[in-house]
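From first to last, the protein sequence lines are chains G and H. Residue numbering for the first sequence follows this note's numbering, beginning at 9 and increasing consecutively. Residue numbering for the second sequence follows this note's numbering, beginning at 52 and increasing consecutively.
Because the hints were derived from the structure by calculation, they are not lab data. Take these hints with a grain of salt, some might be off.
To be verified - Label-pair ranges, simulated between beta-carbon atoms:
#, chain 1, residue 1, chain 2, residue 2, range
1, G, D10, H, V197, 35 to 43 Å
2, G, G74, H, K219, 42 to 50 Å
3, G, G74, H, R484, 16 to 24 Å
Claimed, not checked - Interface residues of chain H toward chain G, partial, derived using beta-carbon atoms under 10 Å:
#, residue
4, R158
5, N159
6, E700
To be verified - Reference listing, derived: stretches of chain G covered by chain H, where coverage requires no fewer than 3 residues with Cβ under 8 Å from a Cβ of chain H:
#, segment
7, 11 to 25
8, 63 to 72
Just so you know, even glycine gets a beta-carbon here, dropped at the ideal spot from N, CA and C.
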Amino acid sequence: MDRTLADTKPGEKVELVGINGGGRCFINRLTEMGLVPGSRLEVECGGMHGPTIVVVKGVRLALGQGMAHRVLVRKIPAGGKA
Amino acid sequence: MDSPLAAQAVASGRLTIALAGNPNAGKTTVFNMMTGARQHVANYPGVTVDLKEGSARLDNRTVKVVDLPGAYSLNAYSTEEIVTRNFIIEQLPDVVVNVVDASNLERNLYLTVQLMELGVPVVVALNMFDIVQRRGLTIDTAKLSVLLGVPVVPTVASRDEGVDDLLKTADALALAPQAARKVDYGREVEPHIDQLTSLVASCAGLQGRARWFAVKMLEDDEVTRNRVRSLCPSEFEKIAAECRRIRAHVEKICGHDITTVLADRRYGFIAGACAEAVRRTCEAHVSKSELIDRLVLHPWMGLPIFGAAMYLMFLMTFTLGEPMMTAMAGGIRWFSGLVYGLWPAQSESFLRSLVVDGVLGGVGGVLSYLPNILLLFLAIAFLEDSGYMARAAFIMDRLMHKIGLHGKSFIPMLIGFGCTVPAIMATRTLETRRDRLTTIMVLPLMSCGARLPIYVLMIPAFFPKTWQAPVMGLIYLTGVLLAVVAARVLRSTLFKGESVPFVMELPPYRMPSMRGLLIHVWDRGWQFVKKAGTLILGISVLLWSLSVWPQPGAEKLEPIREQLAVAAGANDPARLAELENQVSRLRLENSAIGRIGNTIAPAFAPLGFDWRVSTALIGAFAAKEMFVAQMGIVHSLGQTDEHSSSLQEALRDTYTPLQGFCIMLFCLISMPCMATVAVTRKETGSWKWAALQLGGLTVTAWIVTAAVYQLGRLATG
């Protein structure tokens with residue numbers, strides 16, 4: 009079941025499945041920051057309120073307003089490497 | 052420094068190294084360590100972002116080093132990326148040194164892989180290597196070098212470790228280039244790339260980098276598309292059609308856009324290399340940065356902390372800056388006096404007036420802001436280098452997003468309350484040109500420090516004590532609200548486009564190095580001084596000549612001259628001063644500025660302005676605070692400042708409070724000062740935007756002020 013990053017809780021480890029909407033430029037930007045399908049994200053701060061900070065490939069990224077709602081994720085199955 | 056690099060390199064036989072890397076990877080530190088003080092801003096034709104160039108010593112030779120702007124990849128996403136990419140393709144540096152943050156290897160290597168793909172000799176500098184060890188990681192550099200097919204040199208640039216080694220490695224690579232490993236895009240895509248590569252290679256202009264062009268064409272990269280179209284018009288349609296076919300095919304098979312598939316492969320290649328070369332010896336713990344961010348980015352605490360940081364920044368700038376500014380202004384005044392004294396007291400030499408009133412008055416006036424501007428630059432550099440700026444942008448993004456701007460636009464806007472010039476220069480951190488232009492256009496609406504004397508003069512003249520603070524607040528607020536409206540309008544018309552996703556790296560907090568800060572401040576300060584010496588000098592002299600010529604006819608001056616002689620004989624200083632003020636007024640009235648002021652006065656009648664105001668407004672173009680001095684002259688009061696009670700009285704007698712308010716409103720919104728126009732021209736690279744800013748703001752000012760005046764008149768009967 010796909011959820012968005014806005015539905016995650018701090019400390020959760022999830023896998024990026026896709027991005028909702030946005031042109032090529034938008035996707036390119038996320039790609040070069042390391043947000044590609046298959047990336048493992050560690051949610052540092054999240055939820056509907058407050059800032060969204062994720063750790064991707066060892067880098068801490070802050071996602072702005074609305075961005076968290078566009079990032080589709082799924083839980084990493086138990087035993088998966090984070 | 053205007054000729055292309057390649058030509059220079061051929062002429063001097065010198066080696067050229069270009070530094071590329073992600074923002075926050077320490078690229079600038081490496082550059083500073085390589086070149087020391089031997090660096091300057093270079094101009095390359097067609098490059099809008101400043102490139103720094105310097106020379107490094109290697110054995111007994113000098114090597115040219117160019118610091119390219121920070122980029123995450125070579126997509127045509129931001130100006131920085133396009134500049135980096137075009138520089139490498141067009142200026143052909145001998146080696147590209149890719150500075151990589153060793154503690155964030157995977158993400159940083161994404162750029163490396165693309166540089167390798169570009170087919171230039173690449174040396175990877177694993178910078179901040181000390182942090183890697185502290186985090187419990189070990190990197191086998193020899194193995195990484197083999198896996199990537201490029202030399203890898205560990206460095207700690209902040210302590211000048213490994214930088215010499217890096218230079219030597221780059222030098223050796225330039226003499227004997229080796230082929231980097233190619234990213235294998237997998238059996239689904241690779242045959243298509245091969246086929247496309249041979250198609251691209253059939254064009255004469257694209258042969259050297261055929262594979263790179265093929266991959267970029269597949270990614271539907273706009274800049275590449277235009278380049279291929281112009282270099283290879285005959286084959287372009289065929290290539291483009293082939294790309295469309297492959298894209299559709301790959302998307303069907305892989306279920307993803309080809310951009311994603313290619314990116315995935317690149318990251319896969321990197322992950323493979325990292326898995327072999329990087330070993331984790333102990334588990335990473337919660338970092339210091341994370342702890343600070345829990346406080347600084349807290350939903351409730353974040354904003355007050357940010358407010359406090361900004362308050363401190365301005366407090367520091369103005370408390371430290373005030374005495375320096377006074378000293379600077381005093382120094383300029385002393386120097387003016389010295390120059391003035393070179394001529395006999397009664398001399399009416401134009402040269403003296405040109406030097407004292409035109410050059411020293413204009414350029415000196417602008418230069419007296421230098422201490423404040425330098426201190427603001429220092430504070431900004433500190434916030435940037437420490438890593439806090441990224442957090443500040445993030446905190447403000449929620450608010451700025453609503454007005455169609457990026458979180459990062461907030462910092463320049465705040466600086467705009469101090470001075471518009473450094474604020475416009477601070478917009479360089481904005482990633483897209485749309486955001487940057489929008490911000491630059493509305494920046495003059497943030498009421499700058501030079502406009503304060505106007506309010507300080509006008510408000511006490513027209514408003515009772517209890518009303519003074521609210522009126523001042525109203526003026527500032529009007530500016531902010533207009534900026535918000537203007538930004539929204541611009542973002543939905545002229546600068547329409549996809550909004551930028553706010554994804555920002557939160558780099559670890561670091562203590563900025565003094566050396567780095569000083570180089571930063573020096574650079575920007577020097578640019579400001581250079582501007583004052585060229586464009587602002589020119590405009591000052593022009594405005595001066597407009598205020599001096601044409602001279603009033605002898606028949607007008609003669610009667611006053613006679614009275615002057617009488618007053619001088621009667622030893623009546625009060626009468627003498629009065630008459631001299633009459634002469635000044637007569638001169639200004641008769642000059643081009645006075646005439647223009649008179650001519651355009653009817654246009655300002657709906658705003659409640661008379662010819663005196665419109666004349667003073669023209670003079671205020673030199674610098675906003677000049678308005679006060681000009682008002683003094685047109686009211687026959689000679690030289691006045693904002694605390695002059697005689698001028699305040701004269702204003703009270705001449706204008707109503709409504710007119711007074713309208714004058715302030717117009718000064719707030721209307722044409723920015725010449726320094727702003729000059730810096731807008733420089734930063735946007737075209738007079739078009741400077742003219743649009745000037746015209747747009749002045750028209751807006753006219754409309755708003757006219758509306759306020761007319762409605763106000765109706766209301767007050």
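Hints versus structure:
no.: 1; hint: G:D10 <-> H:V197: 35 to 43 Å; in the structure: holds, 40 Å
no.: 2; hint: G:G74 <-> H:K219: 42 to 50 Å; in the structure: holds, 49 Å
no.: 3; hint: G:G74 <-> H:R484: 16 to 24 Å; in the structure: holds, 22 Å
no.: 4; hint: R158; in the structure: holds, 5 Å
no.: 5; hint: N159; in the structure: holds, 9 Å
no.: 6; hint: E700; in the structure: violated, 53 Å
no.: 7; hint: 11 to 25; in the structure: violated (count 0)
no.: 8; hint: 63 to 72; in the structure: holds (count 9)
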